[in-house]
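All chains, full assembly: derive it from the sequences and hints.
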Amino acid sequence: MQRVKTIKDPIAEFMQEHEDAVKHLHTLSDATKSLALNGFSKDAFKKVIAGLSYMKREVGDHNKKEENALFPILERYVEGPTKIMRDEHKILYKQFVKFEEAVGTVKKNPNEDKSLQRLVSLSRSIVKIFVNHIHKENYILFPLVQKFLTKEELREVAKKMH
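Okay, so the sequence shown: first residue is 1 according to my numbering, each after it adds one.
To be clear, the hints were calculated from the coordinates, so they are not data collected in a lab. If you're wondering where the values come from, they're calculated on a predicted model, not measured in any experiment. Everything hinted at is true.
Think about it this way: if two alpha-carbon atoms lie no more than 30 angstroms apart in a straight line, the pair counts; the simulated DSSO-like pairs of lysine-lysine are:
#	residue 1	residue 2
1	Lys108	Lys46
2	Lys56	Lys98
3	Lys128	Lys107
4	Lys159	Lys56
5	Lys8	Lys147
6	Lys42	Lys94
7	Lys23	Lys94
8	Lys90	Lys147
9	Lys47	Lys98
Spelled out as structure tokens, the structure:
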């Protein structure tokens, strides 16, 4: 007998991923505050690296699932919100690249104040943009999805996600 995989609610899955991201962003924000107030510390920098690692590993996959599975189906009904989300994904990606470069620079020379200030600035920017982005998706985009998409369309999203 073949086992059929139960398909989860894709919106609930996206929201769980957002919740996980917010936890990592909170940790990144705390580490950034420490670097800004106290200067370089191995502990705070380790948390920044962990935040960057999480973003590289999880955020790109999450955004691809939204763009490839969810947005095309929602765009059958409305395009404006998905265009804004796609644009923000691009902005976040560019910020991540700059952030990764800044982390590399600080890693090479942790006592250079200008590099540390750039890292702090980029980290704060990413946290702000990303938290606002998650808020828009949770409270504007996902309610639209739940209003317009049928159960069959949500199953289609779930299949495309996995």
